[in-house]
Amino acid sequence: MSRSIAIVEDDISIRKNYTELLEKQGYKVQAYSNRKQAQQALTEKLPDLAIIDIGLEDEIDGGFTLCQALRQLSSSLPIIFLTARDNDFDTVSGLRMGADDYLTKDISLPHMLARIAALFRRIEAIHKPTSNEDNIICGSLTLCLERMLVHWQQQLIELTVTEFWLVHSLIRVPGHVKSRQQLMEDAKVFVDDSTITSHIKRIRKKFILLDNNFDCIDAVYGMGYRWKEDNLSEHQAD
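FYI, UniProt numbering numbers position 132 of the sequence shown as 132, with every residue one higher than the one before it.
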């Protein structure tokens with residue numbers, strides 16, 4: 001069964017080009033020109049992935065509004081911003097709203113298709129049976145690589161694909177400092193330092209919502225970030 005992709009883009013020629021290109025790859029594509037039209041349709045039936053422009057007709061930030069509405073409907077729906085706006089503020093804003101990726105319209109088709117495929121692999125992995133062999137355990141954290149899920153103290157942390165790979169990068173060698181460049185490479189995202197910082201802040205916030213005492217992600221001034229192992233073993237011994 002082919003995957004469904006919703007494209008929300010107000011430029012008719014761009015919308016048509018992306019629709020045709022994705023359909024040639026075997027995807028079922030729904031295309032919308034404005035936020036209201038898209039939000040009404042997608043509220044009734046969510047796609048498997050949404051690709052959204054930020055400026056939509058007379059709404060300069062209509063894509064941001066749509067992203068927030070979709071994220072309220074589903075915490076796991078893959079959302080990609082595909083836009084000509086490449087400034088830091090918009091990038092950080094989009095990622096803070098829960099988008100899984102932020103791409104500019106000068107991206108090559110092979111690169112964009114690879115990012116889409118990576119998000120779909122996560123969906124497929126979530127529905128596969130898993131075993132303890134798929135898990136990486138680091139103190140109170142359990143990371144399932146196959147299903148791309150993270151649990152903290154046995155509670156699920158809702159992470160985007162990018163956030164998942166950032167956590168995975170940090171816990172591979174606890175205590176080892178990862179530079180922002182290394183984190184970008186491991187997460188396969190190509191953004192600036194401030195966006196990585198925004199991602200880390202968002203990840204911390206999600207952990208703290210479950211555990212007010214969470215302090216396992218350290219910022220090392222001028223170098224990057226590292227994961228500190230928590231004292232789970234001490235708690236288990238008590």
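Everything labelled a hint here was simulated from the structure, so no lab data went into it. These numbers were taken from a predicted model, which means no experiment stands behind them. Each hint should be verified, as a subset may be incorrect.
DSSO-like mimics (lysine-lysine), calculated; alpha carbons at most 30 Å apart, straight line [unchecked claim]: (1) Lys205 <-> Lys228; (2) Lys16 <-> Lys45; (3) Lys36 <-> Lys105; (4) Lys24 <-> Lys45; (5) Lys105 <-> Lys45; (6) Lys105 <-> Lys28; (7) Lys16 <-> Lys36; (8) Lys45 <-> Lys28; (9) Lys24 <-> Lys105; (10) Lys228 <-> Lys206; (11) Lys201 <-> Lys228; (12) Lys24 <-> Lys36; (13) Lys206 <-> Lys45; (14) Lys105 <-> Lys228; (15) Lys201 <-> Lys105; (16) Lys16 <-> Lys28.
Going through the hints against the structure:
no.: 1; hint: Lys205 <-> Lys228; in the structure: 16 Å, holds
no.: 2; hint: Lys16 <-> Lys45; in the structure: 22 Å, holds
no.: 3; hint: Lys36 <-> Lys105; in the structure: 23 Å, holds
no.: 4; hint: Lys24 <-> Lys45; in the structure: 23 Å, holds
no.: 5; hint: Lys105 <-> Lys45; in the structure: 27 Å, holds
no.: 6; hint: Lys105 <-> Lys28; in the structure: 21 Å, holds
no.: 7; hint: Lys16 <-> Lys36; in the structure: 19 Å, holds
no.: 8; hint: Lys45 <-> Lys28; in the structure: 14 Å, holds
no.: 9; hint: Lys24 <-> Lys105; in the structure: 19 Å, holds
no.: 10; hint: Lys228 <-> Lys206; in the structure: 17 Å, holds
no.: 11; hint: Lys201 <-> Lys228; in the structure: 16 Å, holds
no.: 12; hint: Lys24 <-> Lys36; in the structure: 27 Å, holds
no.: 13; hint: Lys206 <-> Lys45; in the structure: 27 Å, holds
no.: 14; hint: Lys105 <-> Lys228; in the structure: 38 Å, violated
no.: 15; hint: Lys201 <-> Lys105; in the structure: 27 Å, holds
no.: 16; hint: Lys16 <-> Lys28; in the structure: 13 Å, holds
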